[in-house]
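Line order of the protein sequences matches chains A, B and C.
Take the first sequence: its letters are residues 5 to 580, numbered as in our numbering.
Take the second sequence: its letters are residues 2 to 175, numbered as in our numbering.
Take the third sequence: its letters are residues 341 to 614, numbered as in our numbering.
Hints may contain errors.
[Stated by the list, open to error] Label-pair restraints from in silico Cβ distances: (1) Tyr335/A / Leu435/C: 21 to 27 Å; (2) Gly237/A / Leu402/C: 55 to 61 Å; (3) Asn329/A / Gly443/C: 24 to 30 Å; (4) Tyr335/A / Thr43/B: 15 to 21 Å; (5) Gly63/A / Tyr353/C: 37 to 43 Å.
[As the list claims (entries may be wrong)] On the chain B side, residues computed to face chain A include the following (Cβ under 8 Å): (6) Pro17; (7) Gly22; (8) Leu30; (9) Ser37; (10) Asp46; (11) Trp47; (12) Ser121; (13) Tyr143.
[To be verified] Listing some non-contacts, in silico: residues in chain A with all C-beta distances to chain B over 12 Å: (14) Val305; (15) Pro521; (16) Gly558.
No lab work stands behind these hints: they were computed from the structure.
These numbers were taken from a predicted model, which means no experiment stands behind them.
Heads up, the beta-carbon is just placed ideally off N, CA and C, and yes, glycines get one too.
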Amino acid sequence: MSDAHAAHAPQSFWSRYVFSQDHKIIGLQYLITAMVMALVAAGLAVLIRIQLAWPGSLGIMMTPETYIAIVTMHGSLMVFFVVSLALVSGFGNFLIPLHVGARDMAYPFLNMLSYWVIVPACLLMLISFFVPGGAAAAGWTSYPPLSALKEAVPGSDWGQTLWLLAMALFIVSFTMGGLNYLTTILNCRAPGMSMMRMPLSTWTFLISAVLGLLTFPALTAAAVMLLFDRHLGTSFFLPSGMVIGGKVLPHEGGTPLLFQHLFWFLGHPEVYVLVLPAMGIAFDVNSAMSRRAPFGYKVTVVSLLVAAVLSMIVWGHHMFTTGMNPYVGEYFSIMTVLITVPFAVIGVNLIASLFKGRIKFTTASLFGLGLISAIGLGGFGGLYLGTAASDLYFHETYFVVGHFHMMIGVVTFFGTFAGLYFWFPKMFGRLMNERLGRVHFWLTIVGTFATFLLMHFQGMGHLVRRTFESAYDFQKPVTGMHYAITFFSVMAVAGQFVFLYNFFRSIWRGEKAARNPWNAAGLEWTTESPAPHGNWRGPVPQVQRWAYEYGRNGHAEDFQLQAEPDRVGATEPAAH
Amino acid sequence: MHAAAMAAGRRAPTVPLGLVGFLGTTIMLFTTFAASYLVRRTSADWRPVDLPLLAWANLALLAGASVTLEWACRSAARETRGKWLAATALFGLAFLGGQTLVLAQLRAAGIFAQTSPHASFFVVLSLVHGVHLVGGLGALVYGALRPAALRGCAVFWHTIGVIWLALLVFISVM
Amino acid sequence: MKRTTRGSADAHYLTMFFAVLTVVTVAGFAMDFRPAVVTPHGRSIDGLINYLMVVTGLLFVLGHAVLMHFVWKYQGEGPADYTPEKPRTQWLTALIPVIVMAGIAEVGVLLLALPVWGELYGPTPKDALVVEVTGKQFEWIVRYSGADGKFGKTDPKLVDDAENPLGLDENDPAAQDDVVKRGVLTIPEGKPVAVNLRSLDVLHSFAVPAFRIKQDVLTGFTARAQFVPEVAGRYEIACAELCGLGHYKMRGFVEVRKADEFVKWLADQPGMFE
Chain A
5 MSDAHAAHAP
15 QSFWSRYVFS
25 QDHKIIGLQY
35 LITAMVMALV
45 AAGLAVLIRI
55 QLAWPGSLGI
65 MMTPETYIAI
75 VTMHGSLMVF
85 FVVSLALVSG
95 FGNFLIPLHV
105 GARDMAYPFL
115 NMLSYWVIVP
125 ACLLMLISFF
135 VPGGAAAAGW
145 TSYPPLSALK
155 EAVPGSDWGQ
165 TLWLLAMALF
175 IVSFTMGGLN
185 YLTTILNCRA
195 PGMSMMRMPL
205 STWTFLISAV
215 LGLLTFPALT
225 AAAVMLLFDR
235 HLGTSFFLPS
245 GMVIGGKVLP
255 HEGGTPLLFQ
265 HLFWFLGHPE
275 VYVLVLPAMG
285 IAFDVNSAMS
295 RRAPFGYKVT
305 VVSLLVAAVL
315 SMIVWGHHMF
325 TTGMNPYVGE
335 YFSIMTVLIT
345 VPFAVIGVNL
355 IASLFKGRIK
365 FTTASLFGLG
375 LISAIGLGGF
385 GGLYLGTAAS
395 DLYFHETYFV
405 VGHFHMMIGV
415 VTFFGTFAGL
425 YFWFPKMFGR
435 LMNERLGRVH
445 FWLTIVGTFA
455 TFLLMHFQGM
465 GHLVRRTFES
475 AYDFQKPVTG
485 MHYAITFFSV
495 MAVAGQFVFL
505 YNFFRSIWRG
515 EKAARNPWNA
525 AGLEWTTESP
535 APHGNWRGPV
545 PQVQRWAYEY
555 GRNGHAEDFQ
565 LQAEPDRVGA
575 TEPAAH
Chain B
2 MHAAAMAAGR
12 RAPTVPLGLV
22 GFLGTTIMLF
32 TTFAASYLVR
42 RTSADWRPVD
52 LPLLAWANLA
62 LLAGASVTLE
72 WACRSAARET
82 RGKWLAATAL
92 FGLAFLGGQT
102 LVLAQLRAAG
112 IFAQTSPHAS
122 FFVVLSLVHG
132 VHLVGGLGAL
142 VYGALRPAAL
152 RGCAVFWHTI
162 GVIWLALLVF
172 ISVM
Chain C
341 MKRTTRGSAD
351 AHYLTMFFAV
361 LTVVTVAGFA
371 MDFRPAVVTP
381 HGRSIDGLIN
391 YLMVVTGLLF
401 VLGHAVLMHF
411 VWKYQGEGPA
421 DYTPEKPRTQ
431 WLTALIPVIV
441 MAGIAEVGVL
451 LLALPVWGEL
461 YGPTPKDALV
471 VEVTGKQFEW
481 IVRYSGADGK
491 FGKTDPKLVD
501 DAENPLGLDE
511 NDPAAQDDVV
521 KRGVLTIPEG
531 KPVAVNLRSL
541 DVLHSFAVPA
551 FRIKQDVLTG
561 FTARAQFVPE
571 VAGRYEIACA
581 ELCGLGHYKM
591 RGFVEVRKAD
601 EFVKWLADQP
611 GMFE
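With the hints as extra help, turn the sequences into a complete structure.
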């Protein structure tokens with residue numbers, strides 16, 4: 005078997021590194037693309053922060069129209085082209101076959117296509133800054149009529165169209181990827197790898213794939229109808245009676261609320277698509293680093309599933325102030341706060357997974373531990389927003405901004421970093437530098453926590469979001485915090501340059517790693533570091549146990565690998 | 002998929018799980034449009050439009066495509082298979098042509114997507130369905146090169162045929 | 341078991357960070373930056389928020405206390421002194437967050453939030469003053485029904501930004517005495533007010549933080565916000581839905597006057613076509 009696979013190994017530079025069908029290369033392509041997009045999106049964030057702390061200091065470079073375009077693109081790029089790309093596509097691709105014991109994904113060609121569809125999507129988003137009218141400026145949520153009419157805001161000229169096309173490509177790419185994750189996890193597990201022996205991160209990738217497959221169509225439909233309204237004069241979302249620029253628009257009968265329902269039907273599950281893998285990775289990393297299995301594995305699996313199901317029926321909590329039927333609002337509120345239940349269980353399990361452990365502090369485990377705190381800080385804020393009556397106060401304030409950044413900015417990034425430091429040896433056969441890692445960690449945790457905690461306080465003062473500068477007296481008590489937030493956010497961004505230097509330098513000059521430098525028990529550690537093409541040089545492992553066999557249990561070692569380690573080392577593949 | 006499944010020691014299923022997943026996501030897409038239709042329908046400017054007869058006649062072309070594709074699946078010989086696949090492709094292309102004609106007929110009757118919300122849904126649904134059909138044509142080429150995949154292609158074609166029937170009935174009855 | 345100096349430093353700093361975080365978080369929320377509230381339902385909302393701050397604050401502190409304890413106590417390298425927990429223990433432990441969170445969350449929603457929600461969206465008191473506020477890029481336009489108590493017809497085709505921003509129909513008798521004001525909503529103190537909200541263009545949102553009121557406005561749909569302003573004074577209206585370039589400065593005012601002052605003031609205002 006391994007002979008056959010070796011014979012099929014790609015030979016040319018193009019087939020090995022560019023149009024690779026190897027899930028590990030594709031995963032790295034996604035991760036590095038996400039890093040590039042993150043630089044752009046973080047740069048946009050810095051511009052926002054400079055404008056807020058020192059309004060007008062950027063002169064003609066920062067007009068009100070540029071500001072809301074920057075806000076829009078910062079959000080759009082971060083949600084889809086950074087976090088989803090890194091966590092779901094990057095780690096999903098890299099880890100799933102290694103974790104389930106497959107040589108590659110179920111559909112390697114489709115997998116390669118999924119990456120090469122993302123590249124034009126990224127380019128369209130970036131190009132949109134330079135088209136007439138500039139980038140889309142209706143918020144990452146793109147609500148019509150603002151997003152439908154170029155008379156309403158310049159970004160709704162070409163920029164919004166490019167945004168919609170880029171999103172369509174993104175959804176095609178995500179679908180291709182999601183089909184791969186789903187099929188590989190359900191159909192391609194190694195002998196002995198039952199579902200309940202899979203690592204928790206694999207469960208989260210499965211759930212994210214299914215959630216995405218079920219809910220992205222809502223955004224596709226919304227995007228198609230919005231394109232029609234924009235370019236073909238239809239009225240899916242556009243009501244009658246709009247007067248813009250002195251002209252009465254000819255539309256009739258559409259409703260903007262329909263777009264909001266469609267958008268959030270995707271939008272809410274989407275944030276769980278992002279957060280769940282981060283938590284799954286944290287369980288994996290923390291268990292290896294604290295030498296014990298996650299507490300409540302089965303309970304966590306059930307909680308993840310419950311959270312995912314609930315996530316699909318609560319989207320209306322983004323629309324409490326729209327004037328929808330109050331009974332519908334009550335329903336959404338009652339269901340939304342229930343989501344705190346599975347999340348609380350997961351949070352408790354993350355903490356309990358340290359009980360009687362022996363915590364080795366590495367950059368990976370520091371991020372894994374920081375993630376737990378971030379879930380607490382961000383998660384509780386969800387109650388204020390999910391309870392309809394209090395949301396009336398907090399909606400569209402910085403309380404929301406602080407909350408979602410903690411969850412899909414901090415929890416997700418911490419999961420990504422924990423994963424990168426932890427699996428770097430599996431990717432490159434080397435270790436990242438731990439001293440630089442400490443610098444990265446502390447700049448990041450202090451910078452991000454301070455930034456987004458302070459935003460919660462600004463939200464208590466009802467600082468309105470998406471505002472170019474503060475024009476309201478009632479906000480004055482909290483606008484002073486802008487200086488501190490800008491300082492801490494720049495600190496956080498600076499930390500990422502340390503990380504990028506460390507990451508790329510370590511690929512070529514990092515300390516060489518042993519096969520299993522963390523003495524971790526997961527299946528991926530039964531093969532070499534870096535993992536070879538085909539994942540195991542010898543036969544696919546026969547899985548003996550679950551992924552978290554830690555503890556002495558009468559053995560000499562305090563852990564046992566999921567299967568026998570691959571006996572075929574870095575020498576020739578075994579004759580089969 | 003085959004190789005990976007063999008590597009995992011599992012039997013390759015006749016209809017790949019990936020296809021099931023894709024059909025699931027496609028069905029969700031059309032369901033979302035149907036839900037949007039139900040919402041839009043409640044507006045004051047809604048005037049139901051009678052679809053041209055040709056729209057219904059086109060269904061026969063889709064049915065024909067499904068039949069010929071089934072026969073292609075059951076053909077042992079490459080030549081007969083190729084013939085039936087070509088017939089399927091022809092039916093598919095004829096359907097797309099027929100749909101274009103229907104859209105032209107609507108415009109000729111003064112029914113435009115801009116002024117008739119009912120028609121605007123027909124246009125959008127035709128377009129999105131048409132895109133999937135073009136994908137189906139691509140799948141036929143793939144099936145010609147890889148006969149083991151034909152069963153999956155057939156399932157896809159049958160599904161989007163049934164989806165179109167369901168949509169037509171839905172927008173006529175509702 | 342040997343504690344390396346590296347590990348100790350990390351554990352030290354991490355627990356310190358969590359401790360500082362907890363203190364700053366609690367202190368920051370306790371500082372309470374909310375503007376003073378002047379409506380009864382607003383006080384209920386604030387009560388709900390206070391409840392949430394207390395319970396989530398307690399849970400936050402408790403969770404971080406345990407986290408800090410574990411990080412400190414279990415630091416070190418080497419094998420863990422651990423045996424896997426029994427399934428029963430794992431399921432029973434899960435019951436604690438399930439019951440606590442479900443209880444806390446639903447008590448908040450069912451007991452504290454829904455009554456306010458019902459009040460806000462329930463029937464309008466018969467003696468309420470009904471006003472209309474229209475949002476447009478980038479201002480708020482107020483309309484009173486005038487002596488006849490009827491709001492006149494509007495037509496978007498008649499909109500003239502300078503002379504007739506709402507597009508009132510001059511031929512409609514009910515429109516003659518409608519009072520139109522730009523940017524300032526004047527209302528009486530101590531009486532219920534119902535605001536009919538519309539938009540002339542894109543989405544906006546009528547927000548008066550001091551009243552704890554927020555309601556999105558869209559074209560083609562009339563929403564309603566109702567409240568009782570209890571304290572005379574001047575309050576700000578903010579737009580709380582991104583509406584374009586001028587979103588940030590779409591500021592208006594609510595002037596709450598003593599009841600008799602308000603009656604006199606309104607009587608003095610000329611009708612649109614008078």
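Each hint, compared with the structure:
1. Tyr335/A / Leu435/C: 21 to 27 Å: This hint holds: roughly 26 Å between Cβ atoms.
2. Gly237/A / Leu402/C: 55 to 61 Å: holds, 58 Å
3. Asn329/A / Gly443/C: 24 to 30 Å: Distance hint for Asn329/A, Gly443/C holds at roughly 27 Å.
4. Tyr335/A / Thr43/B: 15 to 21 Å: For Thr43/B against Tyr335/A, whose Cβ atoms are near 20 Å apart, the range 15 to 21 Å holds.
5. Gly63/A / Tyr353/C: 37 to 43 Å: With Cβ atoms ~41 Å apart, the hint holds.
6. Pro17: Result: holds, 7 Å to nearest chain A Cβ.
7. Gly22: Hint on Gly22/B: holds, closest Cβ of chain A at ~5 Å, below 8 Å.
8. Leu30: The hint holds - Leu30/B has a Cβ within 8 Å of chain A, the shortest such distance being about 4 Å.
9. Ser37: holds, 6 Å
10. Asp46: Where the cut-off is 8 Å and the nearest Cβ of chain A is about 4 Å from Asp46/B, the hint holds.
11. Trp47: holds, 7 Å
12. Ser121: holds, 4 Å
13. Tyr143: violated, 11 Å
14. Val305: holds, 20 Å
15. Pro521: Fine: 27 Å to the nearest Cβ keeps Pro521/A off the interface.
16. Gly558: holds, 31 Å
In the structure shown, a violation is registered for the earlier hint numbered 13 alone.
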